[in-house]
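Colleague: Sequence:
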Amino acid sequence: MAALVMLPVTVILLSWGTAETAIWQHLIETQLARLLGNTLILVGGVGTWVLILGVSLGWLTAMCEFPGRRWMDWALMLPLAVPSYVIAFVALGLLSYSGPIQTLWREWFGADTYFPNIRSPGGVVFVLSTVLYPYVYMLARGAFLAQGRNLVDASRLLGRSPWKSFLLVALPMARPAIAAGVSLALMETLADFGAVSIFNFDTFTTAIYKSWFGFFNLTAAAQLASLLLLFVGVALIAEQRARGDGRFHQQPRRKKERFHLQGWKALFASAFCFLVILLAFIVPVGQLLLWALETAGELDSRFWGLVLHTFMLGVMAGLALVVMALLVAYGQRLKGRHQAGLLERLAGMGYALPGSVLAVGIMTAFAFFDRELINPVREMMGLEPGQVLVGSLATLLLAYVVRFFSVAYGPIDASLERIRPVFQEAAHMLGASQWEVLKRVYFPLLTPGLLSALLLVLVDTMKEMPATLLLRPFGWDTLAVRIYEMTSEGEWQRAALPSLVLVLISIPPVIIMIRRSRQ
Numbered sequence: 244m245a246a247l248v249m250l251p252v253t254v255i256l257l258s259w260g261t262a263e264t265a266i267w268q269h270l271i272e273t274q275l276a277r278l279l280g281n282t283l284i285l286v287g288g289v290g291t292w293v294l295i296l297g298v299s300l301g302w303l304t305a306m307c308e309f310p311g312r313r314w315m316d317w318a319l320m321l322p323l324a325v326p327s328y329v330i331a332f333v334a335l336g337l338l339s340y341s342g343p344i345q346t347l348w349r350e351w352f353g354a355d356t357y358f359p360n361i362r363s364p365g366g367v368v369f370v371l372s373t374v375l376y377p378y379v380y381m382l383a384r385g386a387f388l389a390q391g392r393n394l395v396d397a398s399r400l401l402g403r404s405p406w407k408s409f410l411l412v413a414l415p416m417a418r419p420a421i422a423a424g425v426s427l428a429l430m431e432t433l434a435d436f437g438a439v440s441i442f443n444f445d446t447f448t449t450a451i452y453k454s455w456f457g458f459f460n461l462t463a464a465a466q467l468a469s470l471l472l473l474f475v476g477v478a479l480i481a482e483q484r485a486r487g488d489g490r491f492h493q494q495p496r497r498k499k500e501r502f503h504l505q506g507w508k509a510l511f512a513s514a515f516c517f518l519v520i521l522l523a524f525i526v527p528v529g530q531l532l533l534w535a536l537e538t539a540g541e542l543d544s545r546f547w548g549l550v551l552h553t554f555m556l557g558v559m560a561g562l563a564l565v566v567m568a569l570l571v572a573y574g575q576r577l578k579g580r581h582q583a584g585l586l587e588r589l590a591g592m593g594y595a596l597p598g599s600v601l602a603v604g605i606m607t608a609f610a611f612f613d614r615e616l617i618n619p620v621r622e623m624m625g626l627e628p629g630q631v632l633v634g635s636l637a638t639l640l641l642a643y644v645v646r647f648f649s650v651a652y653g654p655i656d657a658s659l660e661r662i663r664p665v666f667q668e669a670a671h672m673l674g675a676s677q678w679e680v681l682k683r684v685y686f687p688l689l690t691p692g693l694l695s696a697l698l699l700v701l702v703d704t705m706k707e708m709p710a711t712l713l714l715r716p717f718g719w720d721t722l723a724v725r726i727y728e729m730t731s732e733g734e735w736q737r738a739a740l741p742s743l744v745l746v747l748i749s750i751p752p753v754i755i756m757i758r759r760s761r762q
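According to my numbering, the stretch in the sequence shown is residues 244 to 762, in order.
I should point out that these hints are in silico values taken from the structure, not numbers from a laboratory. Be careful, since some hints might not be right.
Under the rule of at most 16 Å between Cα atoms (straight-line distance), these lysine to aspartate or glutamate pairs were calculated in the EDC-like manner [what the hints assert, rightly or not]:
# : residue 1 : residue 2
1 : K578      : E668
2 : K508      : E308
3 : K682      : E668
4 : K578      : E660
What you are looking at is a predicted structure, and each value in this text was computed from that prediction instead of being measured.
Make the full structure from the sequences, and use the hints.
Modeller: See the structure below:
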């Protein structure tokens, strides 16, 4: 797994051995400064807003009691089921100049009344923040739940105000979890292609696509991908630094105690949480439903073919990743974690690689294998040279395996940790081999974790746009590709039906994540 992850990274770094002077001169003169500026705007804006939303919502639902907290607690996770590019085109359809909201606004307040421009950097930051804040919310909420209110009460008894107790006691203890959540959100921001392309907001992901399909220059695309890889590396280092070397040991709570909010504070907490759910999930899904009803006549054989391709790719990637993650986790149990710690970290780095970076790296490597290894063998056998690996289903599945290995490994490894080694020792004493122990002892006990891993990979694979768009074989269009084609032409209504299907099949895994975060 570590070798598979390092393959596209190594190929991308080696791409600098070929000079693309004309392409880079054009990029430097026309686009590079804008790409860097837009990327920094996205990272700074999204990082700030997911931090504010995730921490505040996590504190309210974990530590405070107010009307509606029980259902808002899990409803705030639902935006994870909506891909960023779906939120993007729904926001444009509703808030653009010809959309219903601006039209109504002009009728009420006049044609010259100011209305924020959704096609702006602030609009892109708003869209990505509403989709990505659950990463911070989920981890911050878990950290606050583990703390309880005892230390905050002690701080207040020593004379600190509630606000200072939160800033000086609760927040520093939750810092490692918050840093991990912000890091995940930033890596998803850097990897995003669908939302920024819908907004025509140029970043490195859109530049990679244009270099590949516009200039037909895979080397220039690989060199741009290496710059994006540099941003990802900086994000990973920043996340490690944010966690720091400190260790925070927390005592288990004896009982669930929350601060009971009353009066205007309770009303504000309920309104704030509901407003986020309304903007991030209820309004987009409701609008998708209305548009989908208008285009329900498109439920033809071609549409169901897209659904079938999407589901088949997800199942194939899920099954492959579950098997590989199970073998790696079981091997870790047998040999001891200290012997494979570095390799484990390298294997899990694939999730930090944007889909466009993976696509460029894998395509470059496979083009080399086709040209230098496979075609000479085909010529020796009397066959015509051609592309065997490039444009094949194996290329796309490899990208999925590299990118989503850590998604499958997480729940399987967590389930394996809950199985006591004494079961394995008892089975060996009764004469069972290692494979029999895996089949008859571990596999039945790991079934919930295996199913969780399969579902999570299934959904992430079906929502993945850049890798699918760049690497799909001929005739293997998916729902994500269909959404991109429709939104690139501004046909929001026709993109609603495949988007709604993606959202509906993404909700069950999100519910599984909510249940796991509660345990």
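Colleague: So, for every hint listed, does it hold in this structure?
Modeller: A quick look at each hint next to the structure:
A distance of roughly 14 Å separates the Cα atoms of K578 and E668; the hinted pair therefore holds under the 16 Å criterion. Pair hint K508 plus E308 holds up; C-alpha atoms about 10 Å apart against a cutoff of 16 Å. Annotation: proposed proximity of K682 to E668 holds, straight-line Cα distance about 15 Å (limit 16 Å). Proposed proximity of K578 and E660 is supported: the alpha carbons are some 14 Å apart, at most 16 Å.
Hint compliance for this structure: every hint is met.
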